[in-house]
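Chains as they are written, first to last, in the numbering used here: chain W, 28 to 227; chain A, 128 to 374.
These aren't lab readings, by the way, just hints derived from the structure by calculation.
Positions of the beta carbon are idealized from the N, C-alpha and C atoms, including for glycine.
Careful, some of the hints might be misleading.
Some chain W residues well away from chain A (every beta-carbon gap over 10 Å; in silico) [as the list claims (entries may be wrong)]:
1. L144
2. G148
3. S151
4. R155
5. L158
6. T181
Here are some of the chain W residues that sit facing chain A, going by a computed Cβ distance under 10 Å [claimed, not checked]:
7. T126
8. F186
9. I195
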Amino acid sequence: MHISDGVLPLPVLAAGWAATVGLAAWTLRGIEGEDLPRTAVMTAVFFVASLIHVPLGPTSVHLILNGLVGVILGGAAFPAILLGLVLQAVLFQHGGLTTIGVNAVMMGLPALAVSHLFRFGRRSLPGRTVLLGFFAGASCTLLSGCLLALFLATAGAAFFPAAKLALIAHLPVMLIEGGVTTGTVNFLLRVEPKLLGELK
Amino acid sequence: MTTDHLLYGAERSSLHRMDERLKLTGFALLLIAMSLLQTPVAALAACGLAAGAVVFARLPVVLVLRRTGGVALFLSTFFLILPFSHPGGSRAGVQEALVIVLKGIAMVLTIFPMFWTAPLHRSLKALAGLRLPQRLVTLLLLTFRYVQTYEMRLAQLRISLQARGFRFRRNLETLRMIGGVVGLLLLRSFEQTERIYQAMLCRGYGKKGGIAEGFPPVSISDGCRFAFLFLLSLLLVAFDLHLRGWG
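When you get a sec, could you build the whole thing from the sequences and use the hints?
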């Protein structure tokens, strides 16, 4: 899911950073007072949860959960994903530092879109929250996959096949993300529904 | 895994003694220079520089190689794609894949002397010293602090699930169970935030002064180290331009 250091040209990296700075500045404005520790602690949970590996065919994949981050944190999803990427790069060297901007856009923008769609869906389709959870998890992964393919394609015509392969690789991950997000939404709906729409 | 870096932040080299703000800026410039490289020889030189910095910082070579090897293996998939898709033919494709892999290795290696030569909380505070928004840096520090807590809680939950006979399988039940575990962690974190906020207020959060405080004025030796990193970045780009026939 990450784009590593060394793959993309500098103008694309710079554009990614510019978009990330803008989106982070915009979304950080809404995080005040008690929202600050709440966002941080939940970001830590998402970070740790992303270390869970789920069996897939002969291999396993780690969770992304950006759809679930959008569902739970709303607008705060973008800084949460940005922080997660920084810590992943520094602690595990996953994803790289120069690509943080591009990766944040790739995962954070779909999370913001999904957070709005989920809230709109809950208002329009009451009683379908669990189904909306699956949609949130799966569609967020698909959107991120599309953005990943788009960013890879900006590196030149030689990267088109890599972009297609990356997108195809996201299809099974989409189902896994949808399944796990459904499980979490179902759990929270029964135990603490406030969490599914409490944060701004 | 998230605590590996803690072992190497204590003073072991002159890079450990360098002001974190200048260290982060200097290595960030080096990373930008590396991302500009387009020739295999310059990318190889970047690998040499980064490896030299790792050795100079007296960081654990085996751990560094293991982490870097994973990234190199992942990037090597470009060798399977680019030779067949490059408009310039297979030779140009192999060369481009080689540049990507070497640059990727060099940049991953650079992260170690950049962040693993100081306690991580100090490097993160240095970001506030570099005028990053305090709110973002506070979030980063708090997240980093609670990652350790929830990593341990996840390990406990994993053990309790195994004790009840749960095994990871390729089915919907496994996904539902993982979803429940994530939900449980979120619930616990939600319950904890009120107390965390009160504790932050007790410790003076929101009052005058900020997290960027505590950095002494920049010394001449730190200035020299930064100038050296800046010079290396310029030389690397100039070497690459020379190889590309720009002068």
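Status of the hints after comparison with the structure:
no.: 1; hint: L144; in the structure: 19 Å, holds
no.: 2; hint: G148; in the structure: 18 Å, holds
no.: 3; hint: S151; in the structure: 24 Å, holds
no.: 4; hint: R155; in the structure: 17 Å, holds
no.: 5; hint: L158; in the structure: 14 Å, holds
no.: 6; hint: T181; in the structure: 14 Å, holds
no.: 7; hint: T126; in the structure: 9 Å, holds
no.: 8; hint: F186; in the structure: 7 Å, holds
no.: 9; hint: I195; in the structure: 13 Å, violated
Checked against the numbered hints above, the structure violates only hint 9.
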